[in-house]
Amino acid sequence: METALSYTDPLIIQLAIAVVLLPFAAFLINFLLISKTSKVSGWISSLAILLSFILSAIVFFKVWDKPHDIHVQQVWFAIGNVKVQIGLWLNNLSVLMLLLVPAVALPVHIYSIAYMAGDAKYTRYFTYLSFFCFAMLALVVMDNMLLMYAFWELVGFASYLLIGFWFTRDKAVQANKKAFIMNRIGDIALLVGILMLYAHYHTFDMVKLFAGDNALANAQGVDKAWLTIPGICFLCGAIAKSAQFPLHTWLPDAMEGPTSVSALIHAATMVAAGIFLLGRVYPAFNADVLTVIAVIGCFTAFMAATIALTQNDLKRILAYSTISQLGFMMLAMGVGAYSSALFHLATHAFFKCLLFLSAGVIIHEMQHLKQKHQLNIDPQNILYMGGLRKLMPVTFITCSIAALALIGLPLTSGYLSKDGILIQAFEWAEGKGWLYSIIPIGAMLTSLLTAFYVARLMFKVFFGESRLKEFNPDIVPEAHDGSLLYQIPMMMLAACCLFPLFSFNPFFYEQAWLFKGFIASSYLERMNLYHTVVPVAVNLLIVPVIYLAYATYIKRDAHWFKQQGVLFRFSYNQWYIDSFYNKVIVKLVLLLSNLTYWLDKNVIDGLIGILANIGILLGKIAAWVDEYVIDGILHVITGIVKQGGNFVRGFQTGRVQGYLVTMLLVILVLYVLKTFI
Amino acid sequence: MITLTDFLFISAGLFCTGIFIVLSKRNAIQILIGIELIINAAILNLVAFGKYDKLNNAGQSFALFAIVLAAAAVSVALAIILNVYRQYKTIDPNKVERLKG
Numbered sequence: 002m003e004t005a006l007s008y009t010d011p012l013i014i015q016l017a018i019a020v021v022l023l024p025f026a027a028f029l030i031n032f033l034l035i036s037k038t039s040k041v042s043g044w045i046s047s048l049a050i051l052l053s054f055i056l057s058a059i060v061f062f063k064v065w066d067k068p069h070d071i072h073v074q075q076v077w078f079a080i081g082n083v084k085v086q087i088g089l090w091l092n093n094l095s096v097l098m099l100l101l102v103p104a105v106a107l108p109v110h111i112y113s114i115a116y117m118a119g120d121a122k123y124t125r126y127f128t129y130l131s132f133f134c135f136a137m138l139a140l141v142v143m144d145n146m147l148l149m150y151a152f153w154e155l156v157g158f159a160s161y162l163l164i165g166f167w168f169t170r171d172k173a174v175q176a177n178k179k180a181f182i183m184n185r186i187g188d189i190a191l192l193v194g195i196l197m198l199y200a201h202y203h204t205f206d207m208v209k210l211f212a213g214d215n216a217l218a219n220a221q222g223v224d225k226a227w228l229t230i231p232g233i234c235f236l237c238g239a240i241a242k243s244a245q246f247p248l249h250t251w252l253p254d255a256m257e258g259p260t261s262v263s264a265l266i267h268a269a270t271m272v273a274a275g276i277f278l279l280g281r282v283y284p285a286f287n288a289d290v291l292t293v294i295a296v297i298g299c300f301t302a303f304m305a306a307t308i309a310l311t312q313n314d315l316k317r318i319l320a321y322s323t324i325s326q327l328g329f330m331m332l333a334m335g336v337g338a339y340s341s342a343l344f345h346l347a348t349h350a351f352f353k354c355l356l357f358l359s360a361g362v363i364i365h366e367m368q369h370l371k372q373k374h375q376l377n378i379d380p381q382n383i384l385y386m387g388g389l390r391k392l393m394p395v396t397f398i399t400c401s402i403a404a405l406a407l408i409g410l411p412l413t414s415g416y417l418s419k420d421g422i423l424i425q426a427f428e429w430a431e432g433k434g435w436l437y438s439i440i441p442i443g444a445m446l447t448s449l450l451t452a453f454y455v456a457r458l459m460f461k462v463f464f465g466e467s468r469l470k471e472f473n474p475d476i477v478p479e480a481h482d483g484s485l486l487y488q489i490p491m492m493m494l495a496a497c498c499l500f501p502l503f504s505f506n507p508f509f510y511e512q513a514w515l516f517k518g519f520i521a522s523s524y525l526e527r528m529n530l531y532h533t534v535v536p537v538a539v540n541l542l543i544v545p546v547i548y549l550a551y552a553t554y555i556k557r558d559a560h561w562f563k564q565q566g567v568l569f570r571f572s573y574n575q576w577y578i579d580s581f582y583n584k585v586i587v588k589l590v591l592l593l594s595n596l597t598y599w600l601d602k603n604v605i606d607g608l609i610g611i612l613a614n615i616g617i618l619l620g621k622i623a624a625w626v627d628e629y630v631i632d633g634i635l636h637v638i639t640g641i642v643k644q645g646g647n648f649v650r651g652f653q654t655g656r657v658q659g660y661l662v663t664m665l666l667v668i669l670v671l672y673v674l675k676t677f678i
Numbered sequence: 546m547i548t549l550t551d552f553l554f555i556s557a558g559l560f561c562t563g564i565f566i567v568l569s570k571r572n573a574i575q576i577l578i579g580i581e582l583i584i585n586a587a588i589l590n591l592v593a594f595g596k597y598d599k600l601n602n603a604g605q606s607f608a609l610f611a612i613v614l615a616a617a618a619v620s621v622a623l624a625i626i627l628n629v630y631r632q633y634k635t636i637d638p639n640k641v642e643r644l645k646g
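Residue numbers (my numbering), protein chains in the order written: chain A, 2 to 678; chain B, 546 to 646.
Just so you know, these hints were derived from the structure itself, not from any lab.
This list has only true hints and no planted wrong ones.
What follows is a set of in silico ranges between Cβ atoms, one per label pair, in the way DEER data are often shown:
id : chain 1 : residue 1 : chain 2 : residue 2 : range
1  : B       : Phe-554   : A       : Phe-677   : 17 to 25 Å
2  : B       : Leu-627   : A       : Gly-646   : 28 to 36 Å
3  : A       : Phe-677   : B       : Asn-601   : 34 to 42 Å
A virtual CB, placed ideally from N, CA and C, is assigned to each residue, including glycine.
Construct the complete structure from the given sequences, taking the supplied hints into account.
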């Protein structure tokens, strides 16, 4: 395959640019023209994203599965002989993301119109949201690593703004700071990786580096280490953005933002940017790095799933679930299931977004109940919910579909993508020794844990009786589904969580069109037992797991899942990772900054103080000299002049005759002197 | 026979009288008269020494110039005195002492 320059269609390029710029236009209009609380802004942003969605669909169908990538470039700037070019690189991966982002963003925009309706900063919210969509869309189409990095940062910045959207709350401020700082660690690694590649290949052009046969792996004369280290750096960038261990702790805290933001940014799109990055620079990873990716992904998936088991905050459970699912995608990338990872990315975007939107509605209703009955409860706590199934049927049904997709039961999209990952993980581990088989087994275990915590969530929220009655038996809980602006986006997303969108055959992921769009691999054939055994085994195991959750939380007759003990506390406190960071790393950083502060205060400030004191001393000496020496001389001179003047003044009597006498006397004296001397 | 010395004596006498008047009088007009006497003493000297220049009569000619100049000086002086009087309502030079340092 050539560098894909042979195939460029100006129409597609223009459409792709329009897709990216429409949200930017909405951002500018909202930012500059629309008043603070005007309701117009929501419709402008939604319209922009709707047009974006339509155009991106056109682009998608024109580009998808074509033999050549679309790649156009223009010189951006030149330094000496080095020309830096920017352009678009549209291949299957980027058009998939280009379609996915507006497809998820559109329902979220519509939902937000209702969700944010009463907020004082309504326009600002949509300004930020449009800005985020612009940055995200630009990120996926850029062909230049430098510019991709810039948009990578802008996406993080938009996320920062939206996490701290309610910046009057202290927790939100802490959370957005945390997200920003933790992302920064990854961003620096990413930048280092980009510059390292530039140092060796003298180009930022991703097409030259990563497309087709230009892959880095073919590079000759470059030390292997110089291929491994940038790979690790890219991985670090992805770890921070996609909230993988050990940089995952920002994501649960990021739930302080509006729920609709959590749905769009922290579940469906931005956190997937890390996975997208891995997919974009896939050839940069050699076998060692891929193993690291798989291990990190597997560990994160497992860890986050165990944490999600015991959390009580509705959004926090979903956040850990997101981390866990992103871990799955990482794992898939690591084991070479490139297409499965992206397939899971796409399906996860829909069902996790839907779960968050449902959570938004539920929390909204709980907040109403809290205010109505003046209860002292946390509206996000699932322990106070229950029995919402009959009160909010639409939310219940859509949320159930998403939950089933998340668990990965057949007929849903999640089944197709998740089982693909599991199967390929098993195939990857085969024949590599027992140590490698930890990864597929861990993934399998994680999917069972996922089933349990999702079932727990659903049972606690929707089934049984409302636990508010435990506070006050007189309470008759009232809740409803909310307006059509809530319901329609959720129904749209629910439709996207089912299998027909992705495959006509609900049981074999191998037949999903999305799957076929990526690297043709042997995985496509149902060549061994795994393809049958793994899905069947997983689903057979999931059923008792769900029943167990039912028994534990609804019938309350299974008591082996104890609410105390070491393991419970370990999970409840999120593996103590946050505490560890707070106690060790934050403390070390604080210690270091205190040390530098001390140095600054005492050494540097001391030196400056001494210098300043010397200056003051010199100034005082100069002032003394000025006052006593210079001024003294001047006073003496003026004194002499004054005395002289006073002396001479005495002669001026004003008597003309006196002057005449003086004159005559002088003349006489002169004559006398002249005559006798 | 009147000798040169006699002229010089008379001239010296006139001069001394003039000086005395100038220094002692409390009236500007009288001082002006004293000044006239001094000038006339000088003119008398010029004429007296004119006997040594019988050819050109330079002494007499200078005397004529001096007389004219004296007349001019008197008119200027009188004008000054008039103005002084307007300013100070007096012509006593001792009372006109605004230039005192």
